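Protein chains in written order, with the numbering used here: chain V, 1 to 255; chain L, 1 to 325.
Derived by calculation from the structure, the hints in this document are not laboratory data.
Misleading hints may appear alongside valid ones.
Calculated pairs, SDA-like style, for lysine to any residue (alpha carbon to alpha carbon, straight line, at most 20 Å) [to be verified]:
1) Lys13/V <-> Ser228/L
2) Lys132/L <-> Met61/V
3) Lys146/V <-> Phe16/V
4) Lys128/L <-> Gly14/V
5) Lys176/L <-> His189/L
6) Lys93/V <-> Pro52/L
7) Lys132/L <-> Phe16/V
8) Lys146/V <-> Glu218/V
Pulled a few chain L residues facing chain V out of the computed Cβ check, cut under 8 Å [claimed, not checked]:
9) Phe22
10) Lys26
11) Cys49
12) Ala55
13) Tyr78
14) Pro80
15) Ala82
16) Ile104
17) Arg135
18) Tyr137
Quantities reported herein were computed from a predicted structural model and do not represent experimental measurements.
Every residue, glycine too, gets a C-beta built ideally from N, C-alpha and C.
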Amino acid sequence: MRNILTIYRKELKGYFASWVGYVVIAFFAVIFGYFFYVATAIFVNQSFQSQMMGRGFPMDMNEWVIRPLMMNVSVIGLFVIPMITMRLFAEEKRSGTIELLMTSPVRDLEIVLGKWLAATTFYACVLLISALDLIFLFVYGPPDWKPILVAYLGLLLQGGCLLALGTFISSLTRNQIIAAGGTFAACLLLWVFEWVTAYETSSWARVVSYLSVLTHFEPFAKGLLDSKDVIFYLSAIFLGLFLTTRSMESLRWRA
Amino acid sequence: MIKVQGLTKRYARTVAVDDISFEVQKGQIVGFLGPNGAGKTTTMRVLTCFLPPTAGTAQVAGFDVLEQPLEVKRRIGYLPEAPPLYPEMEVREYLTFVGKLKGIPKSDLSRRVAEVCERCAIGDYRDKLISKLSRGYRQRVGLAQAIIHNPDVLILDEPTAGLDPKQIIETRQLIKGLAGDHTIILSTHILSEVEQTCQHVIIINQGKLAAPPDTVENLTRRLRGAESVAVEIETRDGVPDAAAAQRRLEQVAGVSRVIPKESRDGRLLFEVESLQGRPVRGELARAVVEAGWSLNELRPVALSLEKIFLELTASEQQGGQGGAQ
């Protein structure tokens, strides 16, 4: 436990000690800011129109602003996550510090968990930036906060699952660019898997579509907490971390 | 303290270490000597549990590297060839991190960090970023990292590679200073380093032990065989010429071989090898003086480890080539 914490602290500090952390946060803040602006602008515009048409009741902010925004964030996540995970193992392998970790009295699993937890915490910090924008919605007409919380939980679970995948890919190479590229390709694939159901309805198509991380996020965006989706993400996280530990072990045998 | 038996490490196509066995007693400094690519690093990586052996066993302080790696790792301090440093950390921060990893209790941590900083003379650089340090200071931080948990065994992979002469001397002294408390294995391809720092030497070449592990003096004595003497003769007006001088020296009783070394500024330098157990220096001096020449210098040549090493590895290579062809 103490070892996990030691690795965790070091990794988390690493994000803020190098430019990577700030670049990722800035990148996310700009893109989310733009999406937020467009979403609210459309909402204001349409509210005016519906009032002019004579419908008295106000439009639902959760449905018209927050849900599409959350879907957007989950897509931005696909781009952000490779930047977060690329260094985790690839950098240590390149600089040789992996030898220090692997010759210290620490279990492989503890190293993997420490690194993944740090990446997930950092991703949570990135998501927190988007919450700053959402505060304004509460100032001008309070939306329901419970679905928002569920959506953030979903984002964190989805992020955790992709981060575990990215950690695994980073452990396969000593080149950060390859790690980032590979993770991005994998994230993208897991996103577009859902498209196969658009033209195929056979059972394999449904299986492939089920693997798509986005299919499982949609209920969260609506504010629905479904155990089926939670279990999907948790088992994906478990698989990713398991593969990473195995990959570290194979590092010893191949080296 | 360290017991290696029949250790073999095979990679996909090559055999890096082939059936090596040796033992290291507590408190010894052992030099691991061999040319580049001999298998030194691989052996060290097996001892530190970084790589598993293909065959054979390795034990550190009674714990097997495969069976109880955590126990082994607790007792080992390891400095790889490239010090495993995080450039974005400060020295103190880095050492604290390593200390925690090695399992030093929180209450002792800052005291241990201060101690190793003092021992490795990096106290003034405690708050500097590692990326700003010079090569020599990085090496010291690497060494500090290896001894922070006060390990029984210290494994140093080419600790002086890439340092300037002053830093090399300082690092060697540092290692010698650590000797009492720790058992040390250091690898190097520089022979004088072994002569200066180590009591015992293990010579390894192409993955095999080139000679059984021994003390440095024993090895030198055993392999010296014949005594070797350097003779310098001064010539006047071209007398004697090199051929005549050589002939005269060869006639001295007990001399087995005379090798002309160089001749310049009217000086002739020979290396004279004698038969085993026959002191010839007196005879040589008399021969030169009786011939009417003036003797400038007469000195025994200690067979350097360098020579021993070349001899050992050369015979090894001939055997290997013979087998391959």
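Quick check: which numbered hints come out false for this structure?
Hints 1, 2, 3, 9, 10, 12, 16, 17, 18 contradicted; others consistent.
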